[in-house]
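Residue numbers (the working numbering), protein chains in the order written: chain A, 1 to 632; chain B, 1 to 364.
Please keep in mind that the hints were generated in silico from the structure rather than gathered at the bench. Note that the structure is a prediction, hence the values are computed from the model and not measured. Any given hint might turn out to be false.
Some but not every residue of chain B turned toward chain A, in silico, with C-beta under 8 Å [claimed, not checked]:
no.: 1; residue: A195
no.: 2; residue: L231
no.: 3; residue: G319
no.: 4; residue: I324
Glycine included, each C-beta is placed from N, C-alpha and C at the ideal position.
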Amino acid sequence: MTRGTELRNHQRELYYFRVRLTVAGSVALFLFLLLLARFVYVQVVQHEHYMTLAEQNRISIVPIVPNRGLILDRNGAVLAHNYTAFTLEMTPSKIGNLEQTINDLTALIEITPKDRKRFKKLLDESHNFESLPIRTRLNDVEIARFAANRYRFPGVEIKARLFRHYPLGQVASHMVGYIGRINDADLDRLEASDDLANYRGSDHIGKAGLEQSYEKELHGTTGFEEVETDAGGRAVRTLSRTPPTSGNNLTLHADLKLQQVAEQAFGNFRGALVAIEPKTGGVLAYLSKPGFDTNLFVDGIDSQNWDLLNNSPDKPMVNRAMHGQYPPGSTFKPFMALAGLELNKRTPSYGINDPGFYSLPGTSHRYRDWKAGGHGYVDLHKSLVISCDTYYYGLAVDLGIDNIFNFISHFGFGKKTGIDIEGERTGLLPSTEWKMKRFKQKWYVGDTVSVGIGQGYNLATPLQLAVATATIANSGTQMRPQLVRQIENSKTNVITPRPAETISVLPIKPENMALVRNALVDVTRPGGTAARASAGAPYAMAGKTGTAQVVGMKQGEKYVESRVAERHRDHALFIAYAPADDPKIAIAVLVENGGHGGSTAAPIARAVFDYYLLGKLPVRPVTDAADESEHD
Amino acid sequence: MIRRIGLFLIRHLDIFLLAVLCATMLLGLFVLYSASAQNFDRVISQFISMLVALSLMWAVANLPPQHLMRFAWPTYVAGLLLLVGVALFGEVSHGARRWLHIGVTRIQPSELMKIAVPLMLAWYFEKRERSMKLSDFAVAAVLLLVPVALIAKQPDLGTALLIAASGFYVLFLAGIGWKMIIGLTAVAAALAPVAWSLLHDYQQQRILTLLDPSQDPLGAGYHTIQSTIALGSGGLIGKGWLQGTQAHLDFLPERHTDFIFAVYGEEFGLFGILVLLLLYLLIVARGLYIAANAPSMFGRLVAGSITLTFGTYAFVNMGMVSGILPVVGVPLPLISFGGTSMVTLLLGFGVLMSVATHRRLVKQ
Chain A
1 MTRGTELRNH QRELYYFRVR LTVAGSVALF LFLLLLARFV YVQVVQHEHY MTLAEQNRIS
61 IVPIVPNRGL ILDRNGAVLA HNYTAFTLEM TPSKIGNLEQ TINDLTALIE ITPKDRKRFK
121 KLLDESHNFE SLPIRTRLND VEIARFAANR YRFPGVEIKA RLFRHYPLGQ VASHMVGYIG
181 RINDADLDRL EASDDLANYR GSDHIGKAGL EQSYEKELHG TTGFEEVETD AGGRAVRTLS
241 RTPPTSGNNL TLHADLKLQQ VAEQAFGNFR GALVAIEPKT GGVLAYLSKP GFDTNLFVDG
301 IDSQNWDLLN NSPDKPMVNR AMHGQYPPGS TFKPFMALAG LELNKRTPSY GINDPGFYSL
361 PGTSHRYRDW KAGGHGYVDL HKSLVISCDT YYYGLAVDLG IDNIFNFISH FGFGKKTGID
421 IEGERTGLLP STEWKMKRFK QKWYVGDTVS VGIGQGYNLA TPLQLAVATA TIANSGTQMR
481 PQLVRQIENS KTNVITPRPA ETISVLPIKP ENMALVRNAL VDVTRPGGTA ARASAGAPYA
541 MAGKTGTAQV VGMKQGEKYV ESRVAERHRD HALFIAYAPA DDPKIAIAVL VENGGHGGST
601 AAPIARAVFD YYLLGKLPVR PVTDAADESE HD
Chain B
1 MIRRIGLFLI RHLDIFLLAV LCATMLLGLF VLYSASAQNF DRVISQFISM LVALSLMWAV
61 ANLPPQHLMR FAWPTYVAGL LLLVGVALFG EVSHGARRWL HIGVTRIQPS ELMKIAVPLM
121 LAWYFEKRER SMKLSDFAVA AVLLLVPVAL IAKQPDLGTA LLIAASGFYV LFLAGIGWKM
181 IIGLTAVAAA LAPVAWSLLH DYQQQRILTL LDPSQDPLGA GYHTIQSTIA LGSGGLIGKG
241 WLQGTQAHLD FLPERHTDFI FAVYGEEFGL FGILVLLLLY LLIVARGLYI AANAPSMFGR
301 LVAGSITLTF GTYAFVNMGM VSGILPVVGV PLPLISFGGT SMVTLLLGFG VLMSVATHRR
361 LVKQ
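Put together the whole structure using the sequences plus the hints.
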């Protein structure tokens, strides 16, 4: 091919390309003209028609907020429900002088400084075109007075709204949780999950507890009303209506009365309690003390109450049962005992002579037993019954930290239990790997010693302790803890039970399990550390007391309760289940700064058992004053 | 010195195109302020996206087309792998699997394909320039249909169709025979019932709704009804900036993204629309002019395809807002809120500018 033809080819190619380009350009121009024709048609020819639609007879789609699902206890007692009330609402963008308008309104309707404060907080958190409530629960007289003066207040309206109410705000606050106004973060989440359309018209969304985790079930499906409105936006008539579908009702495993018994049994102590049905994992009671009034959050909490809740030294907002992490103390020993037996480091007949302390071979440092002078001859059974520390110091060292970690993590320590509300913490079950990661340090044998009695780096949530206890009660079969027992579809009334879920079946030899379970029964019999709390019970209880140090003691220093500031006193723990031969309930009780497990925590468990198993109400309060004669 | 810096900055920019683009984007910011209920933060965020996109455009414009050509197949292959990644591990959002998490950020590989497909096909035809055969078109069709199928599967029908269009433009400009085009159209028409059955319910619904919006005024038809009312009530001169009742009384859905054109039409009327149409036509005309004068096959094809695709985007969006096309989730180019589409569009214009301004160098 000569250079000439190539050039000619090139010219021809370019020519064809330009022809094609012209065709494409013409098509594009044609399509744009087509669009233009459409615009002329819509905007000029049909302008009047659409103007009418837009201005005089605006069809507006008004969302109808569905009734939120109820939350009921296992017997049908109401934990969360709705009621209708009238609210006075203001749309800031439609109001010139907000302050002046509120002052004028005060002449007609009582608006307290607290209402103003709450409104101001809402104002800061919302867009100014939203309709915000300044007063809720108006009475008839107030409604009538405002209606007569309505013309004076553009941008102010009375609306009928559904309100959430928690009849027992404090008692189940951390379990039920609360709803609050939808904020920007909630909006983002709704947009991401494609649920925004269903929240048109909804002001509230679950913020904590079951209200949050079962939001999808509880919210329901928003309905729509197609209405004609006049130019001012007021509805003239309804064209069609798609009714909303109420949210589904939740029925819990929890027994409200049991919850109340537990609440009262705590008296003025802070702490947490979780009771579980071992066979199903159903949570029978879930308490974090102190609670708080969840109703405060529904309309937006005022700053005064908010500060009060947040700055209280009692930290009522902390969900201690799943967010609080405490050293498990001696309640860790039954699991250690099982590890010793299963990993063949201990036999039932093996015993030690307890001098009252433990020292690592070749060192002089003394790890003290809680009882000065020691317990004498101690085998595995006795080590649990009298809660011998020395026995477990040695056992921990013989097992080694990674064996402890591998075995005991099967009981759920160091990981989330997977309960059906959010905010759970993992606790901490230490291992060599963990320490290297966390502190860039290797593990020392000295670190292992105190792990044996549930101290050292060990941390567990009361919920984890309850699950682990239920696992022993259920002979090694671990069930996922669940608050919700069944969900009732509000439309079809079909009840769907949440199936019990087995997390794992621990392959523990029956004879080892029986040995530990027998020892736990003897803990509650005369001679055991929880003997007093179980005295006179017509059923057999099995349990283990525990005490968790809040402040460390120096070598050789003695812990004397009366000398220690109240908030530095030890935490009292008790894990238990009953009846011992066929457990119906397993429990973990933590009493902050309660002193000894046997004297403070165990009586609470007893009260809960008495009510659950016998229907007996306790004589309150149940906790003794600290008793020196019993230790853990 | 300053002159030299100035020269360095604008040497590879097409000033005419840049001016029209900037005018359109500026107009877009005003509309966005109104459409987002006077949310200034959103305008700022869009403005920042524009600056980022313009810088990227500048960078691409400074690369000669020969370099861009080298990126063609690696970009295409990377895009394809990412699409497969999306299909396997993608994140589901709004009921579709479109996003892929990569370390800290997440990306939407279908956006990358908007640039990669025209580049790849143009590169392919450049390589085959001397001996274009039927088999070449067949290969090109496969190169096009694989990513389109993957994106349609996500499902993202709108993007899939638009990428198909961008690829078709390359085939068309490369000289695919008229008979072939007619044949393909016939095949497509014959396959339409099959395709229909493969569509998702909501996609079928959208097409049905187009035929009769009043069928479903609360659901799929709602968007179209409300946007048509907005346009129609705007009339000749519009209701004025920030005065649109449809937009501000919350009747218009997606009003700062896909349906922003309805806000514009309501507030600025037919005259405003004429201005915008004119701006778009100027951009398309300039793009076609650049394509017509491009020195290489690659430059011609890629410039032509990008320009026509841009026009298609504008047409499809305005068509869907005014109720003559189904709702397919295509933003209004240069106006709708959204950084990703802004970046993709301006990257495309960067390629155009590269083709336009490196012409002389190539001739020497």
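Against the structure, the hints:
no., hint, in the structure
1, A195, "violated (23 Å)"
2, L231, "holds (5 Å)"
3, G319, "holds (6 Å)"
4, I324, "holds (6 Å)"
Taken one by one, the earlier hints fail for this structure only at number 1.
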